[in-house]
Amino acid sequence: MEKKSLNKFLISKKFDTFFNELTNVFRFLGLYFKETFTSPFEWKETVNQCFNVGYKSLSLVTLTGFIIGIVFTKQSRPSLSTFGASSWLPSLISIAIVRALAPLVTSLIAAGKVGSNIGAELGSMKVTEQIDAMEVSATNPFKFLVVTRITATTLMMPILVLYTGLMGMLGAFINIHQNELTSFTAFIKNAFSTISFLDIYSSLFKALCYGFTIGVAGCYQGYTAQNGTQGVGKAANATVVIAMFLIFIEEMLIVQVVNAIR
Amino acid sequence: MKNKRTVIVGIFIFIGLIIFAITILTLGGQKKTFVKSFPIHAIFNDVNGLLDGGNVWFSGVKVGTVKKIAFHGDSDVEVTMNIDLNAESHIHKDAKAKIGSDGLIGNKIVIIYGGTLASPQVKKNDFLAVENGLSTDDMMATLQANNKNLMEITTDFKNISRKIDSGKGILATLLNDPALSSKIQVSATDLQATLANLKTVSESSKEVLGNLQAFSGKMNTKGNSINDLATDTLMYQKIKLTINQLNVASGSLNKLTENLQMASEKFNQKNNTVGLLLNDASTAKSMEATLKNLESGSKKLDQDLEALQHNIFFRGFFKKKK
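So the sequences go chain by chain: A and B. Each residue of the first sequence is one higher than the one before, counting from 1 in my numbering. Each residue of the second sequence is one higher than the one before, counting from 1001 in my numbering.
Don't read these hints as lab results, they were simulated from the structure. Keep in mind it's a predicted model, so treat the numbers as computed, not measured. Even glycine gets a Cβ: it sits at the ideal position worked out from N, Cα and C. Check before you lean on any hint, since a few could be wrong.
As the list claims (entries may be wrong) - With a cut-off of at most 25 Å between alpha-carbon atoms, the simulated BS3-like pairs for lysine-lysine come out as follows:
hint, chain 1, residue 1, chain 2, residue 2
1, A, K56, B, K1004
2, B, K1199, B, K1222
3, B, K1062, A, K189
4, A, K143, B, K1004
5, B, K1032, A, K189
6, B, K1108, A, K189
Unchecked claim - Heads up, incomplete: computed chain A residues facing chain B, CB under 8 Å, no partners named:
hint, residue
7, V47
8, F51
9, Y55
10, S59
11, Y163
12, L166
13, S193
14, S196
Unchecked claim - Some, not all, of what chain A presents toward chain B, calculated at C-beta under 10 Å:
hint, residue
15, L58
16, L60
17, L63
18, F66
19, I67
20, L155
21, M156
22, P158
23, L162
24, E180
25, K189
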């Protein structure tokens, strides 16, 4: 009996499950790239998902970006004032927002809002067998549900990052203008003096990666949800946790690569 | 409804692209990416951590960026800079380049300075002369040396103050001894009186100086005898000649005086005729008798000569003579 249970798993139950999931994820990714570049293309559904992912997140992202700009400026001022370097605030804020805060904060918000939404939506469709029904009705559910959502999150995230960056800089300008009476021209000159094209491109690249990660995590968790309504909640929760974890890992790796290029 | 969503997504993407475009253009404008430029070079011993893309300043204005940093020769570093075409007319071939920093702890930059209008404008691929300025490390080394000196000075002061506090040395006595203090007070009073006297002396000196000034003014007035004496070189020669002649005359006079003295000494002796005449009484009586005889002899000779004129033999001779 004991011998039989040992033969059931290659290493252990947890390790076997992990590697099994990893293989499934790569299969899922392979299928995504295959379906993305083969016709027919679901343009309308992709636009629809862009609306849900991008436009519907806009208000939340705008508010968050604006508040981050103000708060980060207020928190940084005392340290710089100690050295008499308050005039460096625009440079500091622009570096912080463009290089790190805008892509990271936007993607974390999107992971919470969009990722959980995708996970829960697809999960509920899976457990209520709507996806199976689509297959029966000669509709490719993967192309219609997964490809459109992953594409939408990947494409919309850079645009949301640009919005966040803009709002963050606006918030920082308002705070700096109130305290240091810095003009808009001086603020822009100072802010752009320290950032480079590489910073902009790397931020947009990060946003693409994070958007893709959120889409894949949400779609995979939803598409493979099991055990009824409990599985739906689990899928939504797992999407947020996994997406955020992967975003931080990616952030660390991309920063290393960008610094090596810089 | 679906068409409306498409429009909203389109607007959303469009605005995002506009933000992206504005960001790129602003950054490009700031980094002078879209401005026409030309390369110039400078070779430094040490670039102090200058990086590609660092700013190039001329008269405090950003005129370009560092394009490339590469080793040149053994250990020198060649810095290639992209200079805006607009700045070409302001930078001359004899301008110099040095490594500076944007603020005290800011990024390293290249500073172009100097240049004269006499020199032609800088052209593509020209090499600028460089000045190797002081690095932060050099300044820190100097500061460190200053700190050491300051430390030694403060230690010396500390020792001095300790000695004073413990009552050693003149300064301590000066500060603590009341008798010395009263003596110094008396000395100060004396010094005050001396100073009052000095003041009077100085006032008198002032007056004397005024007189001297007036005198020297007269000396400088032309036509004045003193001025002539001071300025006329011919008169000086004459005076010199006169002094020489006077010198010779005084020599002769000296000799004459000596002769006279010798003569007068001889007059007092009886071994010569004049001395005998002056000093011997018998000779004087004899001389007196002789003179009386001569007087009577001369009277008698007059009578004889008159008688001779009337003589028959000589009368004719005297008539012819008349």
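Hints, one by one, checked against the model:
no.	hint	in the structure
1	K56(A) / K1004(B)	14 Å, holds
2	K1199(B) / K1222(B)	36 Å, violated
3	K1062(B) / K189(A)	12 Å, holds
4	K143(A) / K1004(B)	23 Å, holds
5	K1032(B) / K189(A)	12 Å, holds
6	K1108(B) / K189(A)	18 Å, holds
7	V47	5 Å, holds
8	F51	4 Å, holds
9	Y55	5 Å, holds
10	S59	12 Å, violated
11	Y163	7 Å, holds
12	L166	5 Å, holds
13	S193	6 Å, holds
14	S196	7 Å, holds
15	L58	7 Å, holds
16	L60	14 Å, violated
17	L63	17 Å, violated
18	F66	15 Å, violated
19	I67	19 Å, violated
20	L155	8 Å, holds
21	M156	8 Å, holds
22	P158	7 Å, holds
23	L162	4 Å, holds
24	E180	16 Å, violated
25	K189	7 Å, holds
In the structure shown, a violation is registered for the earlier hints numbered 2, 10, 16, 17, 18, 19 and 24, in ascending order.
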